[in-house]
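So you can see what is in the structure, the chains are spelled out below.
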Amino acid sequence: MKAEQLVSALLPEIWLLVSALITLLVGVWCETKYARVNQICHWMSVVGLLICGLLVLTQWNLPMTTDKHQMLISGGLSVFARLVIVVLALVCLLLVRPDAERKLPIEFYFLFSTATLGMILMASTSNLLMAFVALELSSLSLYVLTALEHDRKSAEGSFKYFILGAVASAFMLFGMSYIYGVSGSLSFHGIAQGLEGEHVSMVLLAGMIFVMAGFAFKIASVPFHFWAPDTYQVAPLPVSAFIASASKVAGFILLGRFLLEAGLPKGVAGIGPEGVYGTSGWLIIISVMAVASIIFGNIAAIGQKSFRRLLAYSAIGHAGYLLIGLASGTEEGFVATLYYVTVYAFAVIGAFSIIACEENTDDRIDGLRGLMSQSPIAAMALLVFILSLAGVPPLAGFFAKFYVFVVALHDTRLVFLVVIGLLGSVIAFYYYLAVLKWVFVKDANTDRERKWPLGARISAGICLTVVLIFGLFPSLLLETITLILSR
Amino acid sequence: MSIFTDHALTWLTFIPLLGVLINCVVTSSFTVRVITLVTTLVVMVYGLVLCVLFAGNKAATLAYVEHYPWISLVNANYFVGLDGINAIPVVLTLLLMPVVVLAAWRNPRAGRLFFSLLLIEQTALLGVFTALNFYHWFVFYELTLVPVYFLIKYYGGTHRSDAAFKFFLYTLAGSVLLFVCYQLLHYYTGTLDFVTLGGHGIMDTIEGPLPGQDFERMVPSALAIFLFWGIFIGLAVKVPLYPLHSWLPDAYTQAPPEVVMLMTGVMSKIGIYALVRLLLPLFPELNAQFAPLVAWLAALSIIVSILVALQKKEIREVFAYSSMNHVGFCVLAFACVMGGAAVSSSDKAFALSGLFLQVFSHGITAACLFYFAGLLEERGNTVLISGFGGLRNVAPVMTGLFGVALFASIGLPGLSGFVSEFLIIRGTLPSYPWQTAVSCAGLIVTALVFLKLMERIFFGPVTPQSETIHDLTPMEKVTLIPLIFLMFAIGLFPQPLVYLAQGAIQLIEGGVGQ
Amino acid sequence: MLAQSTIYLSFIAALLLMTLFRCRSGQCARVFALVISLVLFGLSVWTFCHHQSAAPGYQIETNLEWIPSAGIRYIAGADGVGIVLILLTGIVAVAGVLFSWHIEERAAEFFAFYFLLLGGVYGVFLSVDLFMLFVFYEIAIVPKYFLIARWGSTNREYAAMKLALYSFGGSALVLLGMIALYAELARSGVPTFDLRTLAEIGPNLPLQFQFWCFPLLFTGFAILAGMVPFHTWAPAGHVAAPTAGSMLLAGVVMKLGAYGCLKGALMIMPGALSIPLVIPYIGLEIPRFWFWMFSALAATNILYGAMAALVQKDFKYVIGYSSISHMGFVLIGLMTLNTIGVTGAVVQMFSHGVVASLMFAIVGGMIYQRTHTRDISKLGAFRLRINHPGIAIMFFIGTFAAAGLPGFSGFVAEFLVVRGTAEAFTWMLIPVGLGIIVTFAYTLKFIHLVFWGPHDATVKAPLLPKLKVNEICGGVFLIVILILFGLVPRLLTDVIEKDVTPAVKVMSTHVGGPR
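Chains A, B and C, in that order, give the protein sequences. With positions in the first sequence counted from 1, the corresponding number in the numbering used here is that position plus 4. With positions in the second sequence counted from 1, the corresponding number in the numbering used here is that position plus 13. With positions in the third sequence counted from 1, the corresponding number in the numbering used here is that position plus 9.
In isolation and in its complexed conformation, chain A is listed as follows (with noise of 0.2 Å):
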């Protein structure tokens, strides 16, 4: 990869810098000179990120290119995940209220910007070590977000996603010491070749497992769940939204990756035999952390009085969803999961953008309450995201689920996976009936009209549209990742 081609493939990540950079300075030059500050770093950052999709758009038709050691890669699959945390992170920054009384500081725009650039540089990676830079990024972007509300309980919540995000980095840091040494090399395809054909040694199932620990903190799977109910409650609500939508994408397009490219060794197709490096030793861990995900996420979503709560708890069980279409360790499979990944993405930051109606300190169920006779469209459209969550036709969320299983089902030992998830689906009908049940079957305490902000509404908007679109026509999604896959 020459220079000018590097810059070029890296200019939306720049521009994304430059103007982040930019807004920060503005926002502290003026913080104290102008009354409307926040409006204006908003809006700058809502440009900024719009600058950053249109260049990411033009690079839409370049075919995939890297360096030699695939720290970065340009078009194919880079380009769509790009495109899709950039298009997250600004309908999650649409939530946010910059005339709202209780403000975010300024340096919130910042440090959403530094973490969307993690993430992309997350999703354009193949190389174990700027993945871990990338995510270290986005990570620490995060923390610092979660805190921003400034009282006890943010800090708290903030505090628990640090320590247990450092932990995970560490665990994931030092596994990847071990897969260096045991296959010499870091870029996904070096690890590879040099694993090709060797058995699975102590030394290399702990360096798997330790770098999964990583991409488990990241996506909120089990065991390094952890964090994902406290920081969803605590959180300011966009930031809230950007954690379940954009991170999770970009940690599954780059688990994604990983395992495909570096898992599987080349030639094989992943049936490798018995016991050698491959399909079988990721699938066993893959399998273990799906299901335990399903089961445990969707059962604790049963008891919770918080909606952010069980949209967490609901979220762990989400990943783990979408953890069976990469066990599948295919092409196909990945596609399932990008699939099912982003429309999960839209619905859930479409689920935030309902609540984000007014100040809703204690964001209890019940505060949904007749929601139905108050704003009947948020309460619609609360409807068709909590279906689509649920997975109910012909909504987005059901042909992910139809999909994930068709491509799990082709692999006969993972038809467990398909049992356990079906079953973990019944589970997740009850607890989202339960919240539509207060939404449309119980009357509202008052009748007053609930603000919704202009942002919701068009975040909101986008949202519908996508769970929508790309429900009844799930084949306009599908065939995109497919043809950009094959690229």
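Any given hint could turn out to be false.
[To be verified] Distance ranges between label pairs, derived from CB positions:
hint: 1; chain 1: B; residue 1: Glu298; chain 2: C; residue 2: Val54; range: 47 to 55 Å
hint: 2; chain 1: A; residue 1: Thr486; chain 2: C; residue 2: Asn213; range: 28 to 36 Å
hint: 3; chain 1: B; residue 1: Cys37; chain 2: C; residue 2: Thr435; range: 40 to 48 Å
I should point out that these hints are in silico values taken from the structure, not numbers from a laboratory. We put the CB at the ideal spot given by N, CA and C, even for glycine.
Given the structure of chain A, go ahead and fit chains B and C onto it with the hints provided.
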């Protein structure tokens, strides 16, 4: 044929429903009565004319046929026709219906609902008797239960609810058995038309295939036995035959007297008719095999029922059990007809004409008896026989007519009961001497029961209850005259009925003798 | 296109009611709903009439690619079985609106969910693609929850949740079976969900595969059809639901399950019924395992449902359990695998749909809304027979029609099913016959208790409001339908038979042998 006879039986069956429709719109209860009476009279005249035309045209064994597919999938057809077998029950229904309406004339509780239900019942009864396809038949067969159920439920005595429930459920259980058996039969034969079932001599050879049927579809002999008894028991509930009769005393004592007239007069004949129509043609070999046993069952029913009647204290109970005794004779005759080669065909002819005469004559006399029972209960305010006495003194006309009816029922020569019972005994005696002997013993007990009853009610001192009894009103006389007239008419000139029954004999001889 | 317009008209009506009519008065929404339901009824009748003379097979209206990569197509059309159920849906739709006239509270929303449900139901019956069928099947589940939980009575939230979870549980099984089937087909190179293709190649799939895949699909669908032992949602749901909810639930939603059993399980994998279950180690071999299993369960449905109805104290529970019993006739009819039996099952679906709506309309609508009690021992005091002869007559007609009195469509169905049973498994006639007897027993029992029930003659019966026009219209409408199809069953049987006959031929060759 002419307009008059096109769709004749369909019109006949459904004219009463037109009466129901008119009843729905008129208001006064008198108008309702008049309309109902007119309807039944119209039906009667129309039907009798049809029967006379039918009897005149001897060449046609099956007249006024209408045949339309109903559910082609199972060969269920709308199939009506008049032949020797159903002519007599149809005539009986036609004649008795106006009498029942007249009998109900003085019932103050009878209103629009009552008379409408009566008319619906008439439709159902005519449908049952004219149907020649099992599906068609069954539709009306079950329909007969519903109006009677509600008539008992609405207008019956103190224990009407239990009586109605028992009546309905017993009969229904029987008909479900019948239904199931016929379904199995349809599976093996592929037809539900009685004419085809009879005409082909369906189960001619039980083990053999039917013409045009698959070889696989043979009725296994064990199944044939099951079907035979299933159908027999299903119908025996309706007849009823001991020990399947326990609905009968309740229903006959609790239903309003007019409804009992209909039940004992016509409905109990459905069972007899169905035995001839539904069971007789099916299994000639099994018929012959089981005929003695059926004769024993009939004899048992005859003797047990009348012995029970001997013990009973209430008028209607006595009549109910004696009614069971009389239909027992029909079953005895039926057993004889079943007899196959063991019974000579002249004996069969005797028994069969006896059966049909008994159907008719019992229909008339039993209806008459229950009418009197109703009058007495109402005027004397008691149901017990012991409550009455000296009726001869207070109501001479009533006593006279009541006496005629009782003697007709006993079988006094010159009255209707004699001819039929004579014919039956004449037919059965040569082949089933023991069964007939037992039945004859029953006959003697019947005489005993009725004479005792007469002595008790007609003679002796006038009891306080009897004092209030006044003699028949003109309306009641009008009601009774046709019945009494028929009792004498059949007793003295049974030829028209025998003539009608001849057709049946030919049909059945043709079918069974093959 | 006209048949499909029922689906989209329902959805559009739902959307309009949810948005435009929300703030208007209830009357406005009601009239709108009635108009829409009449149009739906008209469309249903129109398509039904046009189907009458058609050749066997599906009448396809639209056939488009939907998700090409997964071999999923959008194929809308109906065959004889579907068209009968479309007609049924049209009938129940009108009656349901008529019996929801009293709903004042958020009427527009009520009707919105009502039409959403109807759209799903229409969609299922018009799907010729299993995936598409499943999509509509699930769409029909969600509104049920809200209808019951919001506008229901006794224990409504519990019952609604139970119903929804059972339904989703069932559809999870269906989904599993469907995906397994798809994966198996993909292995043999024909990844498709087209019901026509599935019915062609499905029976030739490896028997061992059919053996474990068939019960998933069948049980999954049968849960919604109220098969014992997965029936408990039904009585609870019916009781808690608002009148129109129970009418739709018993009238059409249970038919979705039965329809799925036929189209989604029996017609695709009949081979599963032919093979034995071999229990290893013991050496026990149960021949035709699934065949006997599901037949026995169906017979249990009939008898158990009827016996449970016999001992109920709550009036709506009686109707609920009688529905279970009647659905048993559908299931056993399907399991006979012969033309007469399967035709009978479909006629029973239709007939039970109408009769169950009528009964729920009478019990939940006419009676409960006046007396405000469903306790059978207390209903006698209202002396409905004398004070409300209209209700009494409708109830008598309805309950006897439900019990299968000849002259009503229920009898036709019963006749055909029993005839099919006589052919397929003679012994099953015993429970079926007993079931019929018990059915009449409870019918008579509850006629007596409710209309001749104990009451204190000295106390004047409370004065209850007279029957309203909409109630009379709805009741008479349903009764006329029952009698019409009872007297002229050919209208149904001919159209069903033409499509059942070829299907049964395929099924019976794969099940094969004397039973």
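Point to revise | Broken hints, by number | key: No numbers; nothing is violated.
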